[in-house]
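There are 2 protein chains.
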Amino acid sequence: MRDCFEIVDKDLLGRVGRLKTRRGVVETPALAPVINPGLNVVPPREVAELGYGLLMTNAYLIKRRYGDVALEMGVHGLLGVETPIMTDSGAYQLMEYGEVEVKPLEIVEYQVKLGSDIGVILDIPTRHGVSRETVAREVEETIRRAREALEVDRGDMLLVGPVQGGVYLDIVARAARELAKLDYDIYAVGGPVQLMENYNYRELVRLVMTAKMNLPPGKPLHLFGAGNPHMLALAVAMGVDLFDSASYALYARDGRYMTPHGVYRLEDLGDLPCECPICSKLSVDELREMPYQERVYRLALHNLYVLRAELRRIRNAIREGSLWELLELRARSHPSLLQALREYERYVAFIERHHPVARGVVSGLFFYDEVSRGRPEVYRHLHRLRERYTPPPADALLLALETEVKPFSRFGWIAELAKAVAGDALLRERVHVVVASAAYGVVPLELDSTYPLSQYESAIDMDEPRAAAALASDVAWFVRGLGRYRLAVVVYEARHEAAAVEIVKRLRRAGLRAFLRPFTSVGDTLAFLKLVLALSQPHT
Amino acid sequence: MRDCFEIVDKDLLGRVGRLKTRRGVVETPALAPVINPGLNVVPPREVAELGYGLLMTNAYLIKRRYGDVALEMGVHGLLGVETPIMTDSGAYQLMEYGEVEVKPLEIVEYQVKLGSDIGVILDIPTRHGVSRETVAREVEETIRRAREALEVDRGDMLLVGPVQGGVYLDIVARAARELAKLDYDIYAVGGPVQLMENYNYRELVRLVMTAKMNLPPGKPLHLFGAGNPHMLALAVAMGVDLFDSASYALYARDGRYMTPHGVYRLEDLGDLPCECPICSKLSVDELREMPYQERVYRLALHNLYVLRAELRRIRNAIREGSLWELLELRARSHPSLLQALREYERYVAFIERHHPVARGVVSGLFFYDEVSRGRPEVYRHLHRLRERYTPPPADALLLALETEVKPFSRFGWIAELAKAVAGDALLRERVHVVVASAAYGVVPLELDSTYPLSQYESAIDMDEPRAAAALASDVAWFVRGLGRYRLAVVVYEARHEAAAVEIVKRLRRAGLRAFLRPFTSVGDTLAFLKLVLALSQPHT
Numbered sequence: 051m052r053d054c055f056e057i058v059d060k061d062l063l064g065r066v067g068r069l070k071t072r073r074g075v076v077e078t079p080a081l082a083p084v085i086n087p088g089l090n091v092v093p094p095r096e097v098a099e100l101g102y103g104l105l106m107t108n109a110y111l112i113k114r115r116y117g118d119v120a121l122e123m124g125v126h127g128l129l130g131v132e133t134p135i136m137t138d139s140g141a142y143q144l145m146e147y148g149e150v151e152v153k154p155l156e157i158v159e160y161q162v163k164l165g166s167d168i169g170v171i172l173d174i175p176t177r178h179g180v181s182r183e184t185v186a187r188e189v190e191e192t193i194r195r196a197r198e199a200l201e202v203d204r205g206d207m208l209l210v211g212p213v214q215g216g217v218y219l220d221i222v223a224r225a226a227r228e229l230a231k232l233d234y235d236i237y238a239v240g241g242p243v244q245l246m247e248n249y250n251y252r253e254l255v256r257l258v259m260t261a262k263m264n265l266p267p268g269k270p271l272h273l274f275g276a277g278n279p280h281m282l283a284l285a286v287a288m289g290v291d292l293f294d295s296a297s298y299a300l301y302a303r304d305g306r307y308m309t310p311h312g313v314y315r316l317e318d319l320g321d322l323p324c325e326c327p328i329c330s331k332l333s334v335d336e337l338r339e340m341p342y343q344e345r346v347y348r349l350a351l352h353n354l355y356v357l358r359a360e361l362r363r364i365r366n367a368i369r370e371g372s373l374w375e376l377l378e379l380r381a382r383s384h385p386s387l388l389q390a391l392r393e394y395e396r397y398v399a400f401i402e403r404h405h406p407v408a409r410g411v412v413s414g415l416f417f418y419d420e421v422s423r424g425r426p427e428v429y430r431h432l433h434r435l436r437e438r439y440t441p442p443p444a445d446a447l448l449l450a451l452e453t454e455v456k457p458f459s460r461f462g463w464i465a466e467l468a469k470a471v472a473g474d475a476l477l478r479e480r481v482h483v484v485v486a487s488a489a490y491g492v493v494p495l496e497l498d499s500t501y502p503l504s505q506y507e508s509a510i511d512m513d514e515p516r517a518a519a520a521l522a523s524d525v526a527w528f529v530r531g532l533g534r535y536r537l538a539v540v541v542y543e544a545r546h547e548a549a550a551v552e553i554v555k556r557l558r559r560a561g562l563r564a565f566l567r568p569f570t571s572v573g574d575t576l577a578f579l580k581l582v583l584a585l586s587q588p589h590t
Numbered sequence: 051m052r053d054c055f056e057i058v059d060k061d062l063l064g065r066v067g068r069l070k071t072r073r074g075v076v077e078t079p080a081l082a083p084v085i086n087p088g089l090n091v092v093p094p095r096e097v098a099e100l101g102y103g104l105l106m107t108n109a110y111l112i113k114r115r116y117g118d119v120a121l122e123m124g125v126h127g128l129l130g131v132e133t134p135i136m137t138d139s140g141a142y143q144l145m146e147y148g149e150v151e152v153k154p155l156e157i158v159e160y161q162v163k164l165g166s167d168i169g170v171i172l173d174i175p176t177r178h179g180v181s182r183e184t185v186a187r188e189v190e191e192t193i194r195r196a197r198e199a200l201e202v203d204r205g206d207m208l209l210v211g212p213v214q215g216g217v218y219l220d221i222v223a224r225a226a227r228e229l230a231k232l233d234y235d236i237y238a239v240g241g242p243v244q245l246m247e248n249y250n251y252r253e254l255v256r257l258v259m260t261a262k263m264n265l266p267p268g269k270p271l272h273l274f275g276a277g278n279p280h281m282l283a284l285a286v287a288m289g290v291d292l293f294d295s296a297s298y299a300l301y302a303r304d305g306r307y308m309t310p311h312g313v314y315r316l317e318d319l320g321d322l323p324c325e326c327p328i329c330s331k332l333s334v335d336e337l338r339e340m341p342y343q344e345r346v347y348r349l350a351l352h353n354l355y356v357l358r359a360e361l362r363r364i365r366n367a368i369r370e371g372s373l374w375e376l377l378e379l380r381a382r383s384h385p386s387l388l389q390a391l392r393e394y395e396r397y398v399a400f401i402e403r404h405h406p407v408a409r410g411v412v413s414g415l416f417f418y419d420e421v422s423r424g425r426p427e428v429y430r431h432l433h434r435l436r437e438r439y440t441p442p443p444a445d446a447l448l449l450a451l452e453t454e455v456k457p458f459s460r461f462g463w464i465a466e467l468a469k470a471v472a473g474d475a476l477l478r479e480r481v482h483v484v485v486a487s488a489a490y491g492v493v494p495l496e497l498d499s500t501y502p503l504s505q506y507e508s509a510i511d512m513d514e515p516r517a518a519a520a521l522a523s524d525v526a527w528f529v530r531g532l533g534r535y536r537l538a539v540v541v542y543e544a545r546h547e548a549a550a551v552e553i554v555k556r557l558r559r560a561g562l563r564a565f566l567r568p569f570t571s572v573g574d575t576l577a578f579l580k581l582v583l584a585l586s587q588p589h590t
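From first to last, the protein sequence lines are chains A and B. Residue numbers for the first sequence follow the working numbering, so the first one is 51 and each next one is one higher. Residue numbers for the second sequence follow the working numbering, so the first one is 51 and each next one is one higher.
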């Protein structure tokens with residue numbers, strides 16, 4: 051087993067890594083621009099000089115066009131670069147045209163002889179709209195070929211094993227488990243081109259997550275054919291390390307102009323909304339009036355700049371620990387990406403297991419709405435509270451609805467209230483002060499200075515029906531889990547009455563004697579607490 | 051009255067315009083980088099060459115430092131550019147230091163003599179946390195000065211009249227109404243620096259919208275001191291045409307790195323997440339290791355590139371008609387911007403009056419959640435339905451819950467159903483087919499091919515309680531407004547039962563006989579419709 055991949059930083063399932071090839075290290079996440087061996091829109095050397103540390107080309111097309119003559123030059127000689135090169139096997143052509151004129155082992159051997167740094171086996175890509183039986187049969191054949199291909203002496207060429215199965219998730223899972231038993235250097239998820247063309251990112255999430263959960267977590271994962279910048283962050287957050295795409299060139303030929311949040315038609319642009327070296331020096335009219343070839347070349351360069359910047363943004367977000375924030379940002383590029391993010395959240399239990407405990411740069415988390423609450427920090431916090439947390443020995447809960455000033459234990463009326471409770475001999479023994487937070491659900495006051503509870507910015511409107519219901523449900527879940535409180539007083543600013551009422555309702559349903567008290571002064575709350583405690587028998 | 055401003059394109063309250071100064075036309079929205087006359091982080095000529103068509107500098111500081119000597123060179127000589135220049139009057143220094151050594155009329159006259167293209171009167175900026183009485187008194191003084199300043203012979207210098215008042219919105223409204231009576235070339239909203247520093251964008255929306263609603267709509271509007279790229283789109287959407295800011299330089303001196311969606315500290319960056327000419331050629335380490343002055347210069351240039359690109363993006367969005375989409379994107383830069391966008395939506399009735407009926411580029415609208423429903427198209431559609439729409443003469447409503455395929459009248463089972471109803475002599479006379487859409491509320495099928503109903507992408511989950519309630523409420527509002535339906539059948543895909551149940555509940559409360567029918571086949575729905583019609587007496 052070769053250890054070709056080193057993980058440097060992690061966030062969600064995403065990682066910044068170093069993939070070691072014989073021609074040097076590739077920093078990941080990386081996108082390998084596809085070089086068409088017969089038609090360079092941008093010369094390979096220029097692509098490499100832009101900072102693309104891995105290129106992709108097609109060994110099958112090279113074999114058909116140049117045969118053994120190409121072996122003398124090698125793939126690096128052909129493209130004129132020393133950058134690491136990954137080669138494809140003809141599987142895409144198999145999908146497009148139904149057949150290829152090469153045998154599975156033959157094309158693996160050809161890639162070795164061609165001097166490819168990363169080769170791909172000739173798998174059978176799952177096409178869209180194909181019957182379950184056909185997909186199952188083709189996946190078995192891919193697994194068979196994957197076993198067989200490992201017998202080829204591949205020297206120090208890395209080899210990629212693609213997981214297929216499309217929308218049949220049980221077949222995807224089986225393919226991943228079978229491939230996981232084989233010693234592949236890199237795994238891949240194949241065949242999602244149609245999903246991506248139709249912006250069916252929700253289905254893509256199901257496919258990639260199913261593969262990911264059944265593959266060795268430490269191995270690099272490649273996603274074939276993903277080249278729209280607005281979805282790269284989501285793919286990385288699912289654990290994808292490598293991409294290949296010809297989109298920069300295909301879009302350019304078609305007059306399409308990439309931005310981080312979507313693709314425009316050049317003729318629709320009134321201005322070039324970009325800072326790249328191409329757009330900084332040209333007006334949109336100058337670009338439009340150029341001769342076709344020249345315009346395509348510049349558009350392709352622009353697209354490469356945009357893709358590179360998005361990859362940098364993603365790497366940076368992983369180092370910082372702000373990949374989730376980037377996902378929420380990108381989810382506003384297209385409604386299908388928001389649907390995909392909601393789908394991604396369904397895997398939070400798995401994501402949480404791999405998500406780091408601390409962020410690279412400690413800064414407050416952002417909460418916008420219920421989608422933000424799907425982030426693993428919330429899941430982790432609530433589960434730890436229930437599984438590992440020992441509260442102080444109190445039988446009464448003083449539940450304060452969150453305020454805008456934080457941390458609650460230091461500023462505002464919640465802090466004053468807590469201080470007064472701690473200073474009162476009777477209350478100190480019996481009352482536990484806890485904050486109801488629309489972001490985290492429940493924050494015991496003694497924990498509110500710990501990361502990630504210490505600092506957060508929230509735009510969640512806790513009085514909106516769904517948010518109030520979610521908050522009340524989290525509070526009830528916490529109370530039932532601990533099973534020690536007999537009564538509760540919910541204290542709140544008058545404007546949050548809707549949320550407070552909902553919480554009291556749920557606490558009562560959980561068997562507590564629960565009371566509402568709008569906050570007017572510390573003295574009032576304390577007097578009310580004492581009254582409530584006096585009226586109810588303490589358990590002894 | 052001078053007509054110095056031409057509006058070329060509009061979207062929401064935003065506009066692309068041309069501001070005519072004596073030194074040429076300034077394309078708006080424009081941001082004037084502030085040049086400190088004593089300390090150039092980036093030489094003014096370079097700033098202008100980057101494409102900034104308007105510069106800002108401070109006439110009061112020039113007067114104090116150089117006095118009448120400066121008048122010989124003129125402000126263009128001092129800065130060494132022929133670009134239009136706006137000058138400030140010392141009002142900012144008045145706010146910061148409590149007093150200035152110049153008289154109101156004197157500084158207006160000085161600006162004229164200095165050859166400024168756009169001058170500002172010496173108003174009294176409203177400070178944060180000042181009593182209502184003080185603010186009211188200061189605003190009266192500003193209004194008095196504004197009247198007086200118009201008596202100065204300003205030649206062809208344009209003059210700016212600032213609206214003050216801070217958080218006292220009635221005072222802001224009064225100031226705007228009073229200034230509106232005076233013939234200012236440009237109006238401004240002043241004093242929001244503290245609001246912006248604290249990211250209190252919600253309050254900023256109240257301030258700017260109050261001013262905007264009380265100023266002449268055709269005049270250009272300036273917002274003082276706004277320089278964080280993530281809030282420019284929102285400001286433009288409120289009708290702001292001009293900005294001035296020193297942020298590019300101040301941030302650079304403080305090691306802060308702008309991006310369209312927020313500001314980073316340079317030391318926290320692992321990679322430069324940007325395509326600009328500075329970041330394309332440098333690594334983050336090279337930038338960090340530069341001598342201080344050189345680093346500040348490059349950071350400032352980078353910041354200028356980012357601001358310029360954001361302004362281009364905004365101009366492009368206005369031309370395209372996609373400014374709303376940009377607002378939703380930017381609202382994910384910080385929770386305070388989402389809160390501000392929700393605040394902005396409260397002004398939808400005013401916004402709708404100014405919002406164009408068609409988009410520059412016809413493309414589908416995006417709907418993410420309830421925030422997206424705040425866009426003026428939804429408000430306009432629902433109000434027009436109620437006020438201008440004449441439905442076919444039917445007493446029964448066949449309400450189909452929206453499907454994923456659009457337009458509904460052409461694809462899927464809704465189209466089949468409508469065709470079958472139209473082909474049936476009895477049903478044709480009595481049944482009106484209408485689609486319940488989580489985006490638009492109600493879409494009469496005969497209108498569904500008209501813009502903006504024809505095409506949209508929605509991620510709204512109509513079965514989520516709030517969305518279901520909003521949809522049911524829109525349907526009931528439509529039905530009550532027309533007052534002609536006696537019964538309704540709600541037909542839906544089984545997964546949307548929650549929304550269907552909610553709608554039937556509201557229709558019954560509105561006095562209709564309403565029935566639920568999951569869609570299984572066209573035949574089943576037709577048979578059910580006929581049964582329902584037979585059982586209830588037609589009105590004659």
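Just so you know, these hints were derived from the structure itself, not from any lab. One or more hints might be untrue.
In this list, chains with the same sequence are indistinguishable; a pair is considered to hold if it fits within one copy or across any two.
Pairs of lysine to aspartate or glutamate residues, derived as EDC-like cross-links and limited to a Cα-Cα distance of at most 20 angstroms, are as follows [unchecked claim]:
no., residue 1, residue 2
1, 153, 445
2, 60, 318
3, 60, 321
4, 331, 77
5, 163, 206
6, 580, 317
7, 555, 543
8, 555, 511
9, 331, 96
10, 70, 56
11, 269, 514
Subject >> Hints the structure fails to honour >> reply: Violated: hints 1, 6 and 11.
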